[in-house]
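Colleague: Start from the sequences and build out the full structure, keeping to the hints where you can.
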Amino acid sequence: MVSPAISPGWRPLLGAVATGFPWGGRTALAAKPGSGIPSQLPDGSPIISDFFGLEIPWFSPAEVDPFTGASDPVANPTTIWDFNGSLGLIEANGVSDPNRNSEGVPRRWSCDVRFMTGVFRDRTGRTQQGTFCFL
Amino acid sequence: MGPFASPQIHDFNPGDLNAPGQPNYFVNGGVFWTMPVPNTSVTIHPGVGEAHFTFSDLAMFDYFTSANAILRDGSAPIFDATASVDIQ
Numbered sequence: 002m003v004s005p006a007i008s009p010g011w012r013p014l015l016g017a018v019a020t021g022f023p024w025g026g027r028t029a030l031a032a033k034p035g036s037g038i039p040s041q042l043p044d045g046s047p048i049i050s051d052f053f054g055l056e057i058p059w060f061s062p063a064e065v066d067p068f069t070g071a072s073d074p075v076a077n078p079t080t081i082w083d084f085n086g087s088l089g090l091i092e093a094n095g096v097s098d099p100n101r102n103s104e105g106v107p108r109r110w111s112c113d114v115r116f117m118t119g120v121f122r123d124r125t126g127r128t129q130q131g132t133f134c135f136l
Numbered sequence: 217m218g219p220f221a222s223p224q225i226h227d228f229n230p231g232d233l234n235a236p237g238q239p240n241y242f243v244n245g246g247v248f249w250t251m252p253v254p255n256t257s258v259t260i261h262p263g264v265g266e267a268h269f270t271f272s273d274l275a276m277f278d279y280f281t282s283a284n285a286i287l288r289d290g291s292a293p294i295f296d297a298t299a300s301v302d303i304q
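For the record, the sequence lines run as chains F and G.
The first sequence: position 106 = 107 (my numbering), numbered continuously.
The second sequence: position 55 = 271 (my numbering), numbered continuously.
Please keep in mind that the hints were generated in silico from the structure rather than gathered at the bench.
Don't take every hint at face value.
Pulled a few chain G residues facing chain F out of the computed Cβ check, cut under 10 Å [said to hold, decoys possible]: (1) Pro236; (2) Phe248; (3) Thr256.
Beta carbons: idealized from backbone N, C-alpha and C, even for Gly.
Modeller: Structural data, given as structure tokens:
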């Protein structure tokens with residue numbers, strides 16, 4: 002098995018940070034014991050869903066592009082529901098450094114990486130604080 | 217690596233975060249390609265629109281293709297992998 006490595010030195014093509022980002026319509030106030038597991042989005046990208054033939058609880062960067070303002074009004078850049086906090090999103094692509102991957106050859110790559118940090122309502126209905134990564 | 221790279225030879229994601237004992241798959245209620253990370257992995261400066269997101273060697277999977285990651289149809293194997301991120 003080849004040990005894959007994600008090359009550093011990413012060149013951002015699209016990046017954004019948003020704060021005070023309530024999704025789910027409710028604002029969480031304090032952390033309590035609970036599952037700590039957030040809920041998935043209740044809907045997803047119609048484009049991606051049509052492509053794969055099943056509903057995927059996720060929206061593509063093009064649908065949530067904060068720079069163009071052309072986002073679908075129902076598109077949600079987070080991947081967790083009942084969330085209030087800060088979100089960062091980067092969509093980037095490039096060519097890997099052959100000296101920094103196990104295969105020793107340049108490879109095209111692309112990524113969509115997002116962070117979500119703040120409070121969310123977990124599956125037991127409890128308010129939690131946490132940080133999550135979409136990759 | 218990304219969803220529409222062609223030809224695709226790797227596809228890294230952490231699986232779909234779910235409750236303990238439940239499949240890490242979004243069709244079973246998992247949160248799509250999402251995992252918890254340490255709170256310290258994010259530093260934000262909202263006033264200037266800057267952020268730093270970094271973590272090292274977090275466990276995830278290599279599904280090899282996006283179709284395999286989404287459909288889990290056995291068209292490719294699923295291997296353990298790790299990823300590190302440093303974005304600002």
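Colleague: State for each hint whether it applies.
Modeller: Hint check:
Checking G:Pro236 against chain F by beta carbon gives a least distance of about 8 Å; that is within 10 Å, so the hint holds. For G:Phe248, the shortest C-beta to C-beta distance to chain F is roughly 4 Å, which falls under 10 Å, so the interface hint holds. Because the closest C-beta pair between G:Thr256 and chain F is about 8 Å apart, less than 10 Å, the hint holds.
Violation of the numbered hints given earlier is absent; every hint is satisfied by the structure.
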